[in-house]
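Construct the complete structure from the given sequences, taking the supplied hints into account.
One-letter residues, chain by chain:
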Amino acid sequence: EVQLVESGGGLVQPGGSLRLSCAASGFTFSSYSMNWVRQAPGKGLEWVSYISTGSTTVYYADSVKGRFTISRDNAKNSLYLQMNSLRDEDTAVYYCVCYYDSSGLRYFQHWGQGTLVTVSS
Amino acid sequence: DIQMTQSPSSLSASVGDRVTITCRASQSISNYLNWFQQKPGKAPKLLIYAASTLQTGVPSRFSGSGSGTDFTLTISSLQPEDFATYSCQQSYGIPFNFGPGTTVDIK
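Same order as they appear, the protein sequences are chains S and X. To convert, take the position in the first sequence, counting from 1, and add 1; that gives our numbering. To convert, take the position in the second sequence, counting from 1, and add 632; that gives our numbering.
Hints listed in this document are in silico derivations from the structure and should not be mistaken for laboratory results. The C-beta atom is built at its ideal place from N, Cα and C for all residues, glycine as well. There could be a bad hint or two in this list.
So, partial list: chain S residues that the calculated Cβ filter (under 8 Å) puts toward chain X [claimed, not checked]: (1) K77; (2) Y81; (3) Y96; (4) G113.
Okay, here's the thing in structure tokens:
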């Protein structure tokens, strides 16, 4: 069974930093690109960042570019999101998402349960 | 960036009703369109990918259609467990934008 378990969320002051982790199991983590998606309270889903299987390609939403860094450790089956210079508007549930990309198909296949990040003074 | 819109933003329906939700992309995305269902406090769940392919385990009352810029999600006979928020998403290119969501609630 595929499992994605996020951790590292919590309360942080504006300007602070936080590092999210996602532990993957039940599939060959190193074969899948990964994403972070967030959802502010009462709002829709917002794609945040993408990383390729070998970490050679990364992308960010404009809203987090220059402040967030995505990374992965295939030996540890883990995905990370380093978040710096946090703002009130970064308050959201952050989801770790497995990305299927093969044979002309591309979709967000499996989602973690999410971890809540609250930015507030 | 490719912008995604959905209509309606919300709808009220009864068990057994046929429900249709529309999603539109600001430019052609071929069939790189996915649909998700989300219930309160839960993670989104993939329903349909590539515009019309049902994810494994999703009931056949769900169906998707469309190509290019216009897409629809149809629930042929609404069941109590289908009351939720439905979001479309394009996987054609970065950023992988989502639609704003359509909330289906009980009439």
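- Message: Hint G113/S vs chain X: min CB-CB distance below 8 Å?
- Response: 7 Å, holds
- Task: Mind checking the CB of Y81/S against every CB in chain X and telling me if the closest is under 8 Å?
- Result: This interface hint is violated because 19 Å lies over the 8 Å limit.
- Please verify that hint: K77/S, Cβ, nearest Cβ of chain X, below 8 Å or not. Constraint on K77/S not satisfied, violated at 22 Å.
- Holds or violated: is the Cβ of Y96/S closer than 8 Å to a Cβ in chain X? 6 Å, holds
Checked against the numbered hints listed earlier, the structure breaks hints 1, 2; every other hint is satisfied.
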